Amino acid sequence: MNPGTRSSASDPTDGFDATIHAPNRLRICALLDTADEAEFAVVQKQLDVSASVLSKHVTVLTEAGYVEQRKALRDTRQRVWLRLTREGRQAYQAHLAALRAIVGL
Amino acid sequence: MAELEHVQASTAALSATPWPRWFAVVLTLYIAAIPPVLGGMTASPQWLLPRLAWTAIMVMATTGYSALFAVAAARWREKTGVALRLDVLPKRATLPLAIGLPALLVGPAVAFRGTGQPVWLFAASGIGAAVSVAVHLVFVRLHRQTS
Numbered sequence: 000m001n002p003g004t005r006s007s008a009s010d011p012t013d014g015f016d017a018t019i020h021a022p023n024r025l026r027i028c029a030l031l032d033t034a035d036e037a038e039f040a041v042v043q044k045q046l047d048v049s050a051s052v053l054s055k056h057v058t059v060l061t062e063a064g065y066v067e068q069r070k071a072l073r074d075t076r077q078r079v080w081l082r083l084t085r086e087g088r089q090a091y092q093a094h095l096a097a098l099r100a101i102v103g104l
Numbered sequence: 000m001a002e003l004e005h006v007q008a009s010t011a012a013l014s015a016t017p018w019p020r021w022f023a024v025v026l027t028l029y030i031a032a033i034p035p036v037l038g039g040m041t042a043s044p045q046w047l048l049p050r051l052a053w054t055a056i057m058v059m060a061t062t063g064y065s066a067l068f069a070v071a072a073a074r075w076r077e078k079t080g081v082a083l084r085l086d087v088l089p090k091r092a093t094l095p096l097a098i099g100l101p102a103l104l105v106g107p108a109v110a111f112r113g114t115g116q117p118v119w120l121f122a123a124s125g126i127g128a129a130v131s132v133a134v135h136l137v138f139v140r141l142h143r144q145t146s
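These protein sequences, in sequence, are chains A and B.
Residue 3 in numbering that gives the first Met the number 0 sits at position 4 of the first sequence; the count goes up by one each step and never skips.
Residue 104 in numbering that gives the first Met the number 0 sits at position 105 of the second sequence; the count goes up by one each step and never skips.
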């Protein structure tokens, strides 16, 4: 959790996370929450973004402690697999709940 | 929110990619083999082979199946680029299987031990194989619809 980006506990938008809220980062979290773990190229294809854009957002999420990376060999080339950390999954779920509260779902 | 649901749906479709056909065949053969082998293991008096031989067959079949499962799972992950998760499959399909398949595989061995009629084992073997093929075809269809 990023305490600086969250509202107070009594606020209905408690759990809102500015780090996750950027559209591409929200989509990355949604994908990783569903897939558990996904290869970088698959995330790129699913979200239809360039490698550099995805890399930038993954770096932000990694630095926040929300995403972790694992390197593995595939077809003699090294591939990067991404997954949400436990903290990242909790932050994403809390952010999703905050968004639902805001739009009244 | 709609965009998130779209991402989740397309990712779930990827996670629901069916097994390769060769592994579906392996799985079907393994399921079909379980009732007769289990029947032989628990038969009293012994049926066709000594019980120890049936047990050895079961151990070899399970070891071979486990090794092929590991290969199939690794290839599946390489092909799809996502983690192998069984919890993304529809519960309406997995729940009846989780309850029904063990009953289908173990029950006939009990019936065979009680009645001495091997027809229980062969019937369960055939039904198990048919269920395995049907489940594979359902997931192939489901995957095509959602992807």
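Take these hints with a grain of salt, some might be off.
[What the hints assert, rightly or not] Not everything, but these chain A residues come out facing chain B in the computed CB check (under 7 Å):
#	residue
1	Thr-33
2	Ala-34
3	Asp-35
4	Ala-50
5	Glu-67
6	Ala-71
7	Arg-73
Derived by calculation from the structure, the hints in this document are not laboratory data.
Since the structure is predicted, the reported quantities are computational estimates derived from the model, not experimental observations.
Heads up, the beta-carbon is just placed ideally off N, CA and C, and yes, glycines get one too.
Practice prompt. Could you work out which earlier hints the structure fails to respect and list their numbers in ascending sequence?
Written response: Numbers 4, 5 and 6, in rising order.
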